[in-house]
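**Student:** As a plain string of letters, each chain reads:
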Amino acid sequence: MSDTINISLKVWRQNQGEEGHFEVYQAKDIDTSASFLEMLDVVNEQLTLNGKEPIAFEDDCREGICGACGVLVNGTTHGSHEKTTLCQLHMRKFKNNEQIVIEPFRAHPFTVIKDLVVDRSGLDAIITEGGYVSVKTGNAPEASTTPIKKELAEAAMDAAECIGCGACVAACPNGSAMLFTAAKVSQYALLPQGHPERKQRVEGMVGKMDELGFGSCSNEYECAVACPKGIDVQNIARLNREFIKASFM
Amino acid sequence: MKLDSKIPEGPVAEKWTKHKLNVKLVNPANRRKYSVIVVGSGLAGASAAATMAEQGYVVDCFTYNDSPRRAHSIAAQGGINAAKNYPNDGDSIYRLFYDTVKGGDFRAREANVYRLAEVSNQIIDHCVAQGIPFGREYGGYLDNRSFGGAQVSRTFYSRGQTGQQLLIGAYGALSKEIKKKTVTMYTRCEVIDVVVIDGQARGIISRNLVTGELTRHVADAVVLATGGYSNVFFLSTNAMACNASAAWRAYKKGAAFANPCYTQIHPTCIPVHGEYQSKLTLMSESLRNDGRIWVPKAKGDKRPANDIPEDERDYYLERKYPSFGNLVPRDLASRNAKIVCDEGYGVGPTGNAVYLDFAEAIERVGKDNIKAKYGNLFEMYNRITDEDPYTTPMMIFPAVHYTMGGLWVDYNLMTSLPGLYAIGECNFSDHGANRLGASALMQGLADGYFVLPNTINDYLASEKIPKVGTDHAAFAEAETVAQDKLDKLLAIKGNRTVDDFHRELGLLLWENCGMGRSEKGLKKALERIPQIREEFWKNVNVPGSADDLNQALEKANRVADFMEFAELMVKDALERTESCGGHFREESQTDEGEALRNDDEYAHVATWEFQGLDKEPALHKEPLVYEEVKLTQRSYK
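Sequence lines, in order, name chains A and B. Sequence positions in the first sequence follow the numbering used here and run 1 to 249. Sequence positions in the second sequence follow the numbering used here and run 250 to 886.
To be clear, the hints were calculated from the coordinates, so they are not data collected in a lab. The beta-carbon is built from N, C-alpha and C at its ideal position, and this holds for glycine as well. Just to be clear, a hint being listed does not mean it is correct.
[Said to hold, decoys possible] What the simulated footprint calls covered on chain A by chain B, stretch by stretch (three residues with Cβ under 8 Å from a Cβ of chain B suffice, anywhere in the stretch; the number is not a length):
no., region
1, 27-37
2, 83-90
3, 156-164
4, 191-205
5, 235-246
[Unchecked claim] Subject to a maximum C-alpha distance of 16 Å in a straight line, what follows is the list of computed EDC-like cross-link-like pairs (lysine to aspartate or glutamate):
no., chain 1, residue 1, chain 2, residue 2
6, B, K429, A, D124
7, B, K742, A, E45
8, B, K428, A, E203
9, B, K772, B, E628
10, B, K737, B, E784
11, A, K149, B, D253
12, A, K149, B, E386
13, B, K273, B, D707
14, B, K787, B, D736
15, B, K769, B, E836
16, A, K28, B, E524
17, B, K742, A, E53
18, B, K428, A, D124
19, A, K150, B, E386
20, A, K150, B, D392
21, B, K546, B, D560
22, B, K804, A, E53
23, B, K870, B, D253
24, A, K93, B, E836
25, A, K83, B, E628
26, B, K430, A, D124
27, A, K93, B, E865
28, B, K804, A, E45
Can you build the whole structure from these sequences, using the hints too?
**Tutor:** Right under this line is the structure:
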């Protein structure tokens with residue numbers, strides 16, 4: 001059965017091009033079965049009715065797969081409950097009268113658009129440099145012509161589960177997008193379909209990552225802890241191998 | 250309005266091949282002179298934009314999300330159907346075609362469905378070539394699972410995230426073209442209107458959601474791949490921002506809307522918890538393979554499930570449908586859950602839930618086996634409800650999650666507005682009155698990769714499309730109308746939030762235009778909708794301005810369209826006095842209380858034409874002619 005709690009929210013408010021600041025709001029009688037985003041909905045309804053602007057935050061599917069949501073909750077990405085996106089974090093994880101600090105993802109390449117909404121288009125720009133197999137519609141041979149070892153297909157799927165939320169970047173002290181990039185590079189390094197373009201892929205994606213100001217990896221592994229999909233840091237090792245191999249190709 | 254479905258002549262199995270030969274083509278060197286706008290970047294939109302760009306067209310693609318990868322196709326779990334017959338269990342293109350027509354309760358167009366089945370195999374080939382990690386067997390070959398409404402195993406899957414993997418594949422294809430600059434991607438841009446010049450769709454007005462700026466985009470053809478309208482119900486399994494606005498505005502500009510009352514209600518969703526609930530979560534219907542559905546035999550029994558003895562439980566699906574039991578199709582499972590809850594047998598805090606019990610399966614095959622099969626679903630359920638389905642029965646309730654109705658399209662996927670195409674869930678054509686599991690992904694990709702890129706050539710090559718610029722008066726007018734509407738929404742400053750209105754509308758539709766419908770209920774809804782709409786325009790509170798990121802304004806603009814669309818949906822439901830697919834019309838049932846179709850009067854596509862804001866829409870009926878399939882009444886007893 002559900003209970004209700006009272007909480008106090010310390011929320012980052014910022015308009016584009018202006019300096020940001022924290023504001024404190026009280027949220028009363030929050031149902032503990034509500035999700036974190038539903039709690040924000042309730043707060044926003046109140047703000048609206050009181051003539052204030054609601055808190056801008058990003059979300060869409062609310063079932064942990066689209067990767068749109070994500071903020072820092074008490075300093076940790078998505079509230080850092082194991083393998084949980086913010087939309088799947090529930091209020092039963094919080095205590096009555098607790099103060100919750102909510103900030104946008106903080107990373108050099110993620111500029112704040114408004115309040116908790118940041119610009120993560122850098123991640124798309126990295127994918128654009130080669131995070132795919134260049135096959136035109138109509139090119140494909142019969143699907144069963146290339147058997148793929150089950151273990152490889154499973155490992156590729158492990159990497160492919162990335163939802164592109166950017167928590168890894170926000171959790172990294174260097175603001176590195178290594179885990180994100182490594183997940184995509186790994187998926188195609190593991191599968192034969194990815195091999196013809198492996199050199200261009202890894203060099204293009206890593207190059208773009210550097211160009212956009214994402215930091216380097218210094219083996220903190222914070223990214224893997226923050227990842228709501230449990231993407232393994234081994235993928236970073238694989239990315240490094242691919243990158244070194246590419247220089248001999 | 251004259252509706253010409255343009256179905257090619259000849260045997261159903263030869264229509265698509267012949268049609269491809271008859272389609273006029275644009276010379277490869279000339280294609281770069283043509284531009285196409287694609288609205289939406291889900292499976293249908295991304296695959297269409299990428300494929301048309303590969304062919305040489307200049308493509309502009311729009312999404313309201315911050316990235317094309319976030320489109321709601323990503324949330325599809327179960328899989329994608331194809332007629333590969335890898336398991337050697339008797340599948341064929343014809344069988345997939347037949348199952349889809351039958352599953353749709355004989356309300357889909359035969360020729361379109363056959364084509365869908367025909368290209369299904371190419372989709373799998375293409376997706377494997379893209380490096381999508383489909384589930385495989387130890388020999389390295391592709392694995393298949395079975396799904397509702399079919400006697401064969403034809404569903405390809407990537408764990409429980411098939412939609413995600415296919416979408417990321419299409420997003421990759423799109424990214425490849427963005428890199429080549431053949432596609433220009435507009436993210437955080439919402440389409441506000443379709444611009445029509447001399448009877449042809451020639452562009453759009455879009456709103457940059459970050460700056461609030463309205464911009465004009467001109468093209469030779471416009472493709473809507475904007476998904477379905479489940480969110481008209483407020484609570485659905487759709488993503489929060491899914492909306493009907495682009496389709497609805499196209500309707501108001503002359504594109505006919507087909508079968509708006511066809512919505513699909515999925516039986517295995519997590520029930521509503523409280524007032525604050527923002528959306529519903531679906532769990533794969535594969536759960537019904539092992540779970541037994543029941544309610545207490547006594548009304549209002551508040552005892553915990555495990556305290557209710559076996560002989561005081563009513564396994565109502567097993568009782569009513571002994572041969573299919575818990576595996577009846579989606580529509581029957583959903584409707585029966587609502588019936589028992591309406592009668593007062595429902596469980597949980599709201600009384601709107603039934604049990605899905607795995608105790609017997611766990612005893613039969615062991616917890617480990619159940620965990621291996623459904624572990625991720627059990628985990629998801631536990632995360633949301635904080636209950637352990639291994640020891641306590643799950644609670645489930647139906648929820649809206651797909652809409653079979655949509656913009657009317659011909660065989661070429663062109664709407665009744667020349668130059669405007671609709672693909673994926675946005676159109677009406679392939680699923681009839683009920684969609685089978687694992688068919689939505691198939692249709693989105695069929696339309697985007699293989700159908701539209703062939704058929705759009707015909708229009709571009711044969712129609713006279715004069716050069717126009719965004720300075721044309723039609724653009725200026727559409728922009729002014731859009732701006733006025735936004736200004737009006739912001740000026741109201743009333744006492745109720747957008748969500749408050751949306752919730753009221755949604756509940757009204759759920760009660761009266763959901764699974765069970767009656768003339769009385771529909772007429773009540775029809776009377777109430779204009780009243781809610783009127784109050785919305787007088788009393789809604791939209792804070793902020795139109796000059797920056799304003800999510801409340803985005804929402805208000807979408808809900809304003811739902812307020813209008815809802816009325817057409819109910820009108821269509823009122824007009825269709827038969828029960829079909831997921832729609833149970835109380836006045837049309839058999840002596841045993843089962844859905845009764847009326848093929849004599851309703852074997853048609855109900856297509857609505859906008860006549861003006863204060864006028865009744867005109868109804869046009871496209872007869873559904875069945876040359877291959879014999880119409881039968883479904884029975885699952």
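**Student:** Which of the numbered hints are not met once you compare them with the structure shown?
**Tutor:** The structure breaks hints 5, 9, 11, 24 and 27; every other hint is satisfied.
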